[in-house]
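Asker: As a plain string of letters, each chain reads:
Number of protein chains: 2
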Amino acid sequence: MDYPQSQGARAIGARLRRLSDAIDADAARAYSVLGVRFEQRWFGVMNQLLEREAATVGQLAEALGITHVSVSQTRQSLEKAGLVTAEADPSDARKRRLRLTAEGRDMAARLRPLWRAFDAAAEEVDADAGGIVARLSELEKALKQASMFERIMVHLDKAGDR
Amino acid sequence: MDYPQSQGARAIGARLRRLSDAIDADAARAYSVLGVRFEQRWFGVMNQLLEREAATVGQLAEALGITHVSVSQTRQSLEKAGLVTAEADPSDARKRRLRLTAEGRDMAARLRPLWRAFDAAAEEVDADAGGIVARLSELEKALKQASMFERIMVHLDKAGDR
DNA sequence: CGCTATTATGTAGGTGCCTACATATTGTCA
DNA sequence: TGACAATATGTAGGCACCTACATAATAGCG
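In order, the protein sequences belong to chains A and B. Per UniProt numbering, the very first residue in the first sequence carries number 1; after that it's consecutive. Per UniProt numbering, the very first residue in the second sequence carries number 1; after that it's consecutive.
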């Protein structure tokens, strides 16, 4: 038994990160094997742009559940790679409308089999891990109901009572 | 239902990361409320040094399940903060022996109640999320048995057969 | 219409980990 | 004993996100 496991619940944050990093690294490796330069964070944005053709930074952020800053930064590297274009929205100069370029669409088509394989691998792993995905949903819900910070503070106050 | 949940298993890596980041941020906030400057990554190293008094970079890396590079970098910021000292091992000049300083011990003592509160909060969340910690262990085991990369490749080959 | 509040997105710097590569030390073997 | 393999740790750069702060545009109100 290694350290994270020996620590029970306390190492949960660290374990989540390491699992995430491991999965990301494996995905990167898969792209690399196909000879494709691809940033993992592009997937969410590209997938959304495939589904809806155009979207603003804010819309993507909301849809993906990340900050607008992350979307903005991702957008910049996507543009640099020629996969996405960004233009001001006609009805509101603050908004930037993002679209896949033809090259972006080609890339997505090319990666479709790989993304399918990702899906299959992920479902397999979910089954092997006793339904981790449903548990993640529950964890997200639990933290939305009461954040770790709030919980920590409650226990800290209790300790202070002694 | 937001995007990560709507994507089922495929967004597992991203979800793990976001949960991890959220928990880290909450922990950071708790330290901040106590007026303590503390890096989350210090916890694992400091806890080990409390338990065993001295340890090498390699030992800590193995115990914590992270790379020696991460330990080395953490050690450097801990030293800079005056919480840890590092000296060459008497029996092997390559090895660096790390120890908590008196200041490091004081810091740990001071944080004990907070770490206790972390533990309690984490166990609470584990219970609320239907035993996520055990599922994480199963996920770790599943990925050790067959990595995401290997699984992706298997499915990719299958797709190629069509 | 002018002012203020709100909204949209960008810049800067940071987090905790990783891989690739590098250097120095120790161990082993002929 | 010397050469080479193995071991220990460090440097550099990267990843995908975050918060704080900033600027510009729009909405709303008197």
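If you are wondering where the hints come from, they were derived from the structure by calculation, not from laboratory data. Some hints here could point you the wrong way.
Pairs of lysine to aspartate or glutamate, EDC-like flavour, derived with a Cα cap of 16 Å [said to hold, decoys possible]: (1) A:Lys144 <-> B:Asp26; (2) A:Lys144 <-> B:Glu62; (3) A:Lys144 <-> B:Glu103; (4) A:Lys95 <-> A:Glu62; (5) A:Lys158 <-> B:Asp24; (6) B:Lys144 <-> A:Asp24; (7) A:Lys141 <-> B:Glu124; (8) B:Lys80 <-> B:Glu62; (9) B:Lys158 <-> A:Asp24; (10) B:Lys144 <-> A:Asp26; (11) A:Lys141 <-> B:Glu62; (12) A:Lys144 <-> B:Glu39; (13) B:Lys144 <-> A:Asp21; (14) B:Lys144 <-> A:Asp128; (15) A:Lys80 <-> A:Glu103; (16) B:Lys80 <-> B:Asp128; (17) A:Lys144 <-> B:Asp128; (18) A:Lys80 <-> A:Glu39; (19) B:Lys144 <-> A:Glu124; (20) A:Lys158 <-> B:Asp119; (21) B:Lys95 <-> B:Glu62; (22) B:Lys141 <-> A:Asp119; (23) B:Lys158 <-> A:Glu103.
Non-contacting residues of chain A with respect to chain B, defined by C-beta distances greater than 10 Å in every case (computed) [to be verified]: (24) Asp24; (25) Ala54; (26) Arg94; (27) Arg99; (28) Arg151.
So the derived list for chain B, only partly shown, Cβ under 7 Å to chain A, looks like this [claimed, not checked]: (29) Gly58; (30) Asp92; (31) Ala142; (32) Ile152.
Ideal Cβ placement from N, Cα and C applies to all residues, glycine included.
Asker: So, for every hint listed, does it hold in this structure?
Answerer: Each hint tested on the structure:
no.	hint	result
1	A:Lys144 <-> B:Asp26	12 Å, holds
2	A:Lys144 <-> B:Glu62	34 Å, violated
3	A:Lys144 <-> B:Glu103	37 Å, violated
4	A:Lys95 <-> A:Glu62	14 Å, holds
5	A:Lys158 <-> B:Asp24	22 Å, violated
6	B:Lys144 <-> A:Asp24	15 Å, holds
7	A:Lys141 <-> B:Glu124	13 Å, holds
8	B:Lys80 <-> B:Glu62	23 Å, violated
9	B:Lys158 <-> A:Asp24	22 Å, violated
10	B:Lys144 <-> A:Asp26	12 Å, holds
11	A:Lys141 <-> B:Glu62	33 Å, violated
12	A:Lys144 <-> B:Glu39	24 Å, violated
13	B:Lys144 <-> A:Asp21	14 Å, holds
14	B:Lys144 <-> A:Asp128	11 Å, holds
15	A:Lys80 <-> A:Glu103	12 Å, holds
16	B:Lys80 <-> B:Asp128	39 Å, violated
17	A:Lys144 <-> B:Asp128	11 Å, holds
18	A:Lys80 <-> A:Glu39	12 Å, holds
19	B:Lys144 <-> A:Glu124	14 Å, holds
20	A:Lys158 <-> B:Asp119	13 Å, holds
21	B:Lys95 <-> B:Glu62	14 Å, holds
22	B:Lys141 <-> A:Asp119	19 Å, violated
23	B:Lys158 <-> A:Glu103	27 Å, violated
24	Asp24	5 Å, violated
25	Ala54	17 Å, holds
26	Arg94	23 Å, holds
27	Arg99	19 Å, holds
28	Arg151	4 Å, violated
29	Gly58	14 Å, violated
30	Asp92	23 Å, violated
31	Ala142	4 Å, holds
32	Ile152	5 Å, holds
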